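**Q** In order, the protein sequence lines correspond to chains A and B.
Quick note: the first sequence, position 448, residue 448 per our numbering, numbers continuous.
Quick note: the second sequence, position 162, residue 162 per our numbering, numbers continuous.
Check each hint, because a few of them may be wrong.
[Claimed, not checked] Covered stretches of chain B, as calculated for chain A (at least 3 residues, CB under 8 Å): (1) 182-192; (2) 217-223.
[Stated by the list, open to error] Have a look at the derived ranges for each label pair, beta carbon to beta carbon: (3) Glu268/B - Arg584/A: 57 to 65 Å; (4) Leu300/A - Asp233/B: 33 to 41 Å; (5) Glu197/B - Pro622/A: 58 to 66 Å; (6) Gly410/A - Glu275/B: 26 to 34 Å; (7) Ser36/B - Glu259/A: 33 to 41 Å.
[Unchecked claim] Partial list, derived from the structure: chain B residues whose beta carbon lies under 8 Å from chain A: (8) Gly141; (9) Gln142; (10) Tyr144.
Keep in mind the hints are simulated off the structure, nothing from the lab.
Keep in mind the model is a prediction, meaning the values are calculated, not measured.
Think of the CB as a built atom: it goes at the ideal place given N, C-alpha and C, for glycine as much as any other residue.
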Amino acid sequence: MKINSNLGRFSLGEIAPGNKVLVLAYLCLFPLFGQLYGQEFQMDSLTQTILPVSLEEVILISSYKKSLEHNSHHKPLSTLDEYLESSKKVNLIKRGAYAWEPILNDMGTERLAVTIDGMRIFGACTDRMDPITSYVDVSNLSDVHVTGGQQGAKQGATIGGAIDLRLEKSNFRPLDWTASIETGFESNNMAQIVGGELNYSNEQFYLDTDIIYRKADNYVDGNGEEIAYSQFEKYNLSANAGYKVAEGKQFLASFIFDEARDVGYPALPMDVSLARALIGSVSWEQSNFIGEFEQWETKLYANSITHVMDDSQRPDVPIRMDMPGWSDTYGYFSQAQLKLDDHTLLLKLDGFYNRSLAEMTMYPNDPNQQEMFMLTWPDVRTLNTGFYGEDTIGLQGGTLKLSTRATFQGFNVADSFGLNSLRIFYPEMEQRQTRFLKSVAAQFHKKFKTVHFTGGVSYGDRAPTVSEGFGFYLFNSFDNHDYIGNPDLKNEKALEAKLKLSVPLEKLSLGLDANYFHTMDYIIGEISPNLDVMTIGAEGVKVYNNLDYAALYNLGLDAGYKFSPALDLSGTVTYHRGKDQDDRNLPFISPLSYAAQLQYGNGSFSGSFSMRGAADQVNFNPEFGEDRTAAYTVFSASLGKTFSIQKDKMLVKAGVENMFDTFYSTYTDWNNIPRMGRNFYMTVSYAIN
Amino acid sequence: MKTIRPFLIALTLILGFSSCSDSEDDPIIIDDNPLSDYVMLTAIVSNTHSVEIYSEAQQAFTVGYNELFLRIKDESSDTYISNADISWKPMMHMTEMMHSCPTSSISVTENASVYKGYAVFQMPGNSEEYWEMEVEFTIDGQSYYVSEHIEVTAPTDGNQRVSVFMGSDETRYVLAMMPLEPEVAVNDIAAMLFKMENMISFPIVENYRVNIDPRMPGMGNHSSPNNEPLVYDAESKSYQGKLSLTMTGYWKINMILKNESSEVIKGEEVTDDNESSSLYFELEF
């Protein structure tokens with residue numbers, strides 16, 4: 001208990017910022033000694049879950065969360081990517097077994113605002129091999145908030161929506177010490193997972209720490225072929241701490257260290273020898289603010305990403321090259337709420353400064369020749385300042401939510417080497433540019449007896465990404481083209497309409513979810529026949545351009561049937577379509593897909609049987625490197641049991657994925673790389689009491 | 001007026017100080033040798049005078065375009081001669097024949113005792129063949145002649161900056177790239193073209209055109225965008241164009257030379273089957 005009181009008096013506020021890392025490291029180690037001295041532990045149920053939410057569903061997610069236990073996911077220690085994939089809304093582009101890129105409403109990284117607890121982070125890879133989701137792990141997260149379209153504008157300027165990865169926090173719950181150790185194994189790629197967490201929390205102070213380590217060999221597809229370069233190894237450490245200065249005033253800090261090494265990308269010509277992220281934040285939360293304002297939250301954050309792409313493991317390459325990239329972001333946000341009669345107002349001020357730099361060095365086969373060097377991201381400094389406001393108005397039997405965002409975004413190409421490189425293509429190019437971004441949205445929700453209806457319209461725009469605006473010969477192995485950025489791009493704008501209907505009947509529930517994005521000045525790479533390729537073997541060069549418009553539709557139907565409190569069946573069918581003004585198909589648009597799951601759970605025993613599949617991809621576009629992906633259906637099953645060993649608890653979960661060893665690949669598989677064949681897995685979680 | 005005077009004094013003082021500091025920044029050149037930062041490539045010594053030849057950046061006479069600075073020292077008075085009338089003629093003594101190379105006339109620079117010109121050496125010397133620099137100058141109506149062997153070396157990086165060729169019009173030409181500090185950017189590139197009239201005379205050729213196609217043989221022989229052909233500029237008497245280099249490394253600048261009637265004099269298009277033109281320069285950085 002001595003340790004407790006020591007920890008209780010510990011204040012991060014007194015520490016100089018430069019020492020924060022050390023302090024956090026110290027805080028990470030400190031509780032380990034506590035464990036040795038036999039403190040009391042409780043198992044805190046891990047509650048990672050993915051739910052597609054729009055505003056009115058936020059409440060639902062938290063109530064859902066409470067009922068949800070650690071064992072509810074069929075594979076508790078699966079990667080975050082697999083968690084995301086099990087959601088209805090998120091799809092993932094796969095270039096291997098690691099670092100899948102989330103897509104929402106058929107839109108990827110450039111059209112989404114992906115955040116960790118509201119923090120903006122930008123990958124450091126020019127080839128999108130390090131989405132933000134690859135720098136956290138399930139051990140860190142409590143849940144993921146997925147918001148479609150302009151409903152995600154709270155996190156930043158977006159077209160497709162926002163994915164907020166929310167960190168798990170003890171949050172001053174009087175849990176005292178809690179700890180768990182988990183381990184998992186997968187047969188197909190000999191994956192080993194070891195993780196643990198140790199938390200201390202009382203009403204004045206909490207400290208959560210966790211660690212997870214994963215190592216996987218190459219996986220084997222449904223034909224028994226080994227997929228070379230699909231291995232990976234990573235570990236992730238994180239710590240979260242909170243100190244209650246006074247009632248209603250608290251100081252929070254979080255830190256994540258994530259490092260992956262020797263990550264193979266079988267679908268690409270290069271691998272990653274190092275992907276490392278340092279992500280930290282401090283925040284101040286106060287329940288009362290000026291006047292009637294309340295729930296004031298201010299966060300300062302910084303993160304630094306290093307990504308080293310190389311081809312040293314590949315035996316046959318036309319030329320050796322290294323492609324390291326760096327992305328550093330510093331940001332803040334401050335938000336407060338105001339409740340007035342039927343209005344709930346949320347005002348948020350936010351901003352970030354990002355520095356993106358990437359280079360490419362090619363080593364000629366003739367050793368007497370000089371190395372070839374270029375800047376693929378010319379040290380682009382992005383300064384973004386935004387204001388977001390929303391008003392949720394309570395109406396009779398319904399709510400109306402109005403929201404808006406205004407953002408200034410400035411770009412500065414700081415490196416003259418890079419600026420001169422780009423001026424080869426754009427002689428008149430300015431070093432700096434400023435863009436004004438805006439978003440307005442209205443969403444209406446009404447309940448007719450038991451039927452929920454949600455409808456919304458919105459308009460929003462986004463600035464080009466660093467690659468789209470300033471990329472220099474970025475090779476895309478999917479369509480086999482080199483891409484050149486275009487600083488003259490117009491902002492991409494989208495008009496969006498959505499409709500959602502959920503009909504809960506006695507045992508049956510039905511839902512319909514549809515949205516439409518009319519995206520003007522849609523940014524995409526178009527072939528520039530006069531330009532010569534840089535990459536050996538590339539077919540041509542594409543320059544980012546604005547299409548007149550693109551139209552994207554997403555339609556989802558879901559149904560659930562509860563046979564008994566312990567047994568339920570659920571299923572979804574989704575349809576997606578995306579084309580441009582000339583009826584050309586856009587890339588990475590899902591074919592008709594479906595999923596169904598039969599789930600059983602009664603206290604200590606759980607089981608599931610699930611099916612997932614897609615129809616033939618009929619709407620594809622060879623111009624973007626696509627071909628017709630064949631239909632597939634795969635089946636999985638899992639069983640779980642909780643054992644009590646004296647006072648401790650142990651959860652054992654085992655299952656099989658792709659049980660019929662089907663050979664398949666999906667529309668999201670980069671270069672049609674086959675998916676994993678049959679895979680048995682087992683996880684053991686042990687909670688010490 | 002009384003109130004104004006202190007201001008005037010102050011103003012005068014300020015101006016005085018600032019002009020003092022100005023003159024400190026730019027001291028009047030009283031150095032004996034205005035070319036002290038340059039490299040003396042050779043000094044051709046005769047009984048009465050010695051002719052010193054300097055280069056700004058080069059360490060030696062090099063195959064290709066050489067910008068050279070000359071001074072003439074009066075050995076008896078140890079002074080440098082101003083406003084002399086100078087001509088020069090580098091001669092290559094080959095085993096079978098002798099020939100000269102394209103040169104400019106020699107002009108006086110801002111400093112009247114420093115003279116300037118260029119020479120384009122087509123080849124290096126070797127054990128059997130050598131260059132001899134012949135210089136004639138006139139001081140006060142008195143003509144002098146000095147000559148000495150000079151060592152002309154191939155560029156240390158081995159890259160080609162001059163091309164000597166027989167054109168399709170049965171004329172022999174010399175095409176030389178002017179010095180270029182290459183950058184990953186759009187570079188200004190300049191070259192000079194000479195016709196070999198005979199062994200001694202190499203007049204400048206005007207109004208031709210040089211199409212360029214820079215390539216990286218070390219990387220799939222890719223090209224670069226937005227290059228501009230070299231066209232004749234009457235003022236500088238050279239051909240000027242734009243060269244885009246998209247990355248550092250070894251670049252081969254393939255060229256096609258066309259005459260006023262757009263007939264190809266030398267060079268071929270680079271295609272999938274033809275990796276390189278027979279007319280090219282090389283760059284590495």
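**Q** Hint by hint, say whether it matches the structure.
**A** Taking the hints in turn, this is what the structure says about them:
| no. | hint | verdict |
| --- | --- | --- |
| 1 | 182-192 | holds (count 4) |
| 2 | 217-223 | holds (count 5) |
| 3 | Glu268/B - Arg584/A: 57 to 65 Å | violated (39 Å) |
| 4 | Leu300/A - Asp233/B: 33 to 41 Å | violated (58 Å) |
| 5 | Glu197/B - Pro622/A: 58 to 66 Å | holds (59 Å) |
| 6 | Gly410/A - Glu275/B: 26 to 34 Å | violated (45 Å) |
| 7 | Ser36/B - Glu259/A: 33 to 41 Å | violated (56 Å) |
| 8 | Gly141 | violated (54 Å) |
| 9 | Gln142 | violated (52 Å) |
| 10 | Tyr144 | violated (46 Å) |
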